[in-house]
Amino acid sequence: MNSSVKIEDTSIIKDLFDLGKYRISISVAITALVGFLLYEVKFDLDLILTFFGTMLMSMGSASYNHWQERKIDPMMERTKGRPIASGRMDSGKGFAISSILSLVGMLLLLGTSEIGAMLVGLVTLLIYNLVYTPMKRVSNLAVIPGAIVGGLPPLIGWIAAGGGFEAPAIWALAFFLFLWQMPHFWLLLLLFDEQYEKAGFVMLNKLLNKAQIGRITFVWIVSLASIALIIPFYGVIDNIFTQILFFIAELMLVYNARYLLERELDRKRIRKTFMFINIYVLLILILIIIDKII
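Counted the way my numbering counts, the sequence shown spans residues 115 to 408.
Heads up, some of the hints might be wrong.
Listed next, the in silico SDA-like pairs over lysine to any residue satisfying Cα-Cα at most 25 Å (straight line) [stated by the list, open to error]:
1. LYS320 to ILE393
2. LYS382 to ASP307
3. LYS324 to PRO259
4. LYS194 to MET249
5. LYS324 to ILE393
6. LYS312 to LYS406
7. LYS406 to LEU343
8. LYS324 to GLY314
Keep in mind that the hints were calculated from the coordinates and are not lab data.
All chains should be modelled from the sequences, with the hints used to inform the complete structure.
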C-alpha cells in the first residue's frame with residue numbers, strides 16, 4: 115500500500131515538473147541570471163529571487179501553454195504524453211497550477227524591490243500565451259513574438275539587479291537570444307514538420323520545402339554567430355581569453371551547421387545541429403558569467 119502511494123506521489127511530482135517544462139524553465143532562469151550578473155556581480159537574496167521568480171513564471175507560462183493546447187497536443191507524437199493532453203491531469207487543475215506558479219513567480223520578482231523586473235516577466239508571459247500560442251495556428255510569423263519571448267528574460271535579471279532599460283549591453287544580449295530562437299524553431303520544424311502539419315500549425319513549410327528552410331536556417335545561424343562576435347564591443351565581455359573562446363565557438367557553430375546547405379537533409383544531422391546550437395548558447399552564457407566573475 116505504501117509502495118503504491120509513493121509511486122503515485124512520484125508520478126504526480128513528475129507531471130508537475132513536465133507541466134511546467136522544467137528543463138526549459140531552468141534555462142530561461144539561467145538567462146535571467148546572466149542578465150543580473152552582467153549588471154553587477156553580487157550573490158545576494160535578489161539573485162536568488164530573480165532566478166526562482168523567473169523559473170516559476172516560466173513554468174506558469176509553459177503550464178498555461180499545455181492548457182491552451184490540450185486538444186492539439188494529442189495529435190502530435192512529441193506532445194501527446196503531456197499531463198493534460200494524456201488525461202493524467204484534469205484541465206481545470208492544470209489551469210489552477212499554472213496560475214499559482216505564475217503568481218508566486220511574480221511575487222518573488224517583486225521581492226527584488228524592482229517592480230520593472232516583475233513587469234517584464236508579466237509582459238513575457240502575456241506575449242507567449244496571448245500572442246505566440248494562438249498565432250501559431252494562423253500564421254508562420256508566430257516565430258517573431260516567440261523569439262521576442264526568448265530575448266526578454268535577461269532583461270528581467272538586469273532590472274532586478276538595478277539596471278535601466280537604456281543600456282546597450284543588455285539589449286545586445288537580448289538580441290543575441292532573439293536571433294537564436296529563429297534557427298531553434300526552424301530546426302524543430304525540420305525534425306517534426308509532419309506532426310506540426312497534422313496538428314494544424316501554420317509553419318514555414320507551408321511556403322518552402324525542407325532544403326529552402328535548411329538554407330534559411332543556415333543564414334540565421336551565420337547571423338547569430340556574427341552578432342556574437344559584436345557582443346564584446348557592447349561591454350558584455352571584456353577578458354581577451356573569453357573573447358578568443360567566443361570566436362572558437364562561432365567557428366564551431368557555423369561548421370557544424372554546414373550540412374543545412376545540402377539538398378537532401380539528413381534527420382540525424384538536423385538533430386545534431388539542433389542539440390549543438392542549444393549547447394552553444396548555453397556555452398556563451400556560461401562564458402559571459404565566467405567573464406564577469408573573473
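Hint check:
no., hint, result
1, LYS320 to ILE393, "29 Å, violated"
2, LYS382 to ASP307, "15 Å, holds"
3, LYS324 to PRO259, "23 Å, holds"
4, LYS194 to MET249, "21 Å, holds"
5, LYS324 to ILE393, "24 Å, holds"
6, LYS312 to LYS406, "46 Å, violated"
7, LYS406 to LEU343, "17 Å, holds"
8, LYS324 to GLY314, "18 Å, holds"
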